[in-house]
Amino acid sequence: MAEAMKIRATLKGDVADIRVLVAHPMETGQRRDGAGNIVPIHFIQSMTVTHNGNVVYEGQWSQAVSRNPVFAVRVKGAKVGDKIVVNWTDNKNDKRTDEATVVAG
Amino acid sequence: MNPIRRTFMKFTGTVGALSTLGAVAVTGMLKTTQALAAPWNKAGFESKAVAEALKTLGASAAAESRDIVITAPDIAENGAVVPVEVTSRIPNTQSISIIAEKNPFPLAATADFANGAEPYAYVRIKMGQTSNVRAVIKADGKFFTAVKEVKITVGGCG
Numbered sequence: 001m002a003e004a005m006k007i008r009a010t011l012k013g014d015v016a017d018i019r020v021l022v023a024h025p026m027e028t029g030q031r032r033d034g035a036g037n038i039v040p041i042h043f044i045q046s047m048t049v050t051h052n053g054n055v056v057y058e059g060q061w062s063q064a065v066s067r068n069p070v071f072a073v074r075v076k077g078a079k080v081g082d083k084i085v086v087n088w089t090d091n092k093n094d095k096r097t098d099e100a101t102v103v104a105g
Numbered sequence: 001m002n003p004i005r006r007t008f009m010k011f012t013g014t015v016g017a018l019s020t021l022g023a024v025a026v027t028g029m030l031k032t033t034q035a036l037a038a039p040w041n042k043a044g045f046e047s048k049a050v051a052e053a054l055k056t057l058g059a060s061a062a063a064e065s066r067d068i069v070i071t072a073p074d075i076a077e078n079g080a081v082v083p084v085e086v087t088s089r090i091p092n093t094q095s096i097s098i099i100a101e102k103n104p105f106p107l108a109a110t111a112d113f114a115n116g117a118e119p120y121a122y123v124r125i126k127m128g129q130t131s132n133v134r135a136v137i138k139a140d141g142k143f144f145t146a147v148k149e150v151k152i153t154v155g156g157c158g
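Chains as they are written, first to last, in my numbering: chain A, 1 to 105; chain B, 1 to 158.
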């Protein structure tokens, strides 16, 4: 099971600024380990962000996204207390879902 | 009914000038809401050339636009972590894709928006060498693009 994401959702005006930090190696499949063996490709392929149950954002990534990815999403018409749920799936079909609540900025 | 969604639908309808365009846009959104997960763009992410990646997005004929703002460092010391932020001022922006032109697999990320998400993408990417970072925007079914050069001191693909 993958580590929990860190999700921070702060309200600025009526826009929720959602910042997500994901713990993931994001291996490119080009790197070699100490013994000279290729480290197998392992990266997050897709993620979804919902706001009060409505999908607001769908991301697709390649292995070019940095290790321990950080990404941001902005949602208009949000309020303090709104529920944000983020989930991701990687190329080995590992998944992780975490949620956060919008707080005043 | 969700008031935000209502406003959004109204907005899409107006821009589409009550034509089929509006209807198509609205249907598209509904689809996104109900059944997510457009399949991962395998052909695009595995393309080794920018032109090929653009083709998989349907963006081969994308027009240069000044309404796309790419914020990325002019010089990135560490190619392993290059923050890229893209904001679109083009009305009805549906998606933003980020391409690092000289990476072995140039297409790095695509974001699709719905239900009030702002046309804004921020992600940190790896870059093997100095190259243009290209943003591709889909708005009302049309494609727009802009580039910004990022100089890399130490490549991040090793």
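Hints listed in this document are in silico derivations from the structure and should not be mistaken for laboratory results.
Ideal placement from N, C-alpha and C gives every residue a C-beta, glycine not left out.
Warning: the hint list may mix true and false statements.
From chain B, some residues computed to sit far from chain A (all C-beta separations above 12 Å) [claimed, not checked]:
id: 1; residue: ALA61
id: 2; residue: SER95
id: 3; residue: ILE125
Label pairs and their calculated CB-CB ranges [as the list claims (entries may be wrong)]:
id: 4; chain 1: A; residue 1: LEU21; chain 2: B; residue 2: VAL69; range: 21 to 27 Å
id: 5; chain 1: B; residue 1: PRO104; chain 2: A; residue 2: ASN37; range: 15 to 21 Å
id: 6; chain 1: B; residue 1: VAL154; chain 2: A; residue 2: LYS83; range: 36 to 42 Å
id: 7; chain 1: B; residue 1: GLU85; chain 2: A; residue 2: ALA4; range: 23 to 29 Å
id: 8; chain 1: B; residue 1: LYS142; chain 2: A; residue 2: ASN37; range: 31 to 37 Å
Each hint, compared with the structure:
no.	hint	in the structure
1	ALA61	holds (22 Å)
2	SER95	violated (9 Å)
3	ILE125	violated (5 Å)
4	A:LEU21 with B:VAL69: 21 to 27 Å	holds (24 Å)
5	B:PRO104 with A:ASN37: 15 to 21 Å	holds (19 Å)
6	B:VAL154 with A:LYS83: 36 to 42 Å	holds (41 Å)
7	B:GLU85 with A:ALA4: 23 to 29 Å	holds (25 Å)
8	B:LYS142 with A:ASN37: 31 to 37 Å	violated (46 Å)
Checked against the numbered hints given earlier, this structure breaks hints 2, 3, 8; the rest are met.
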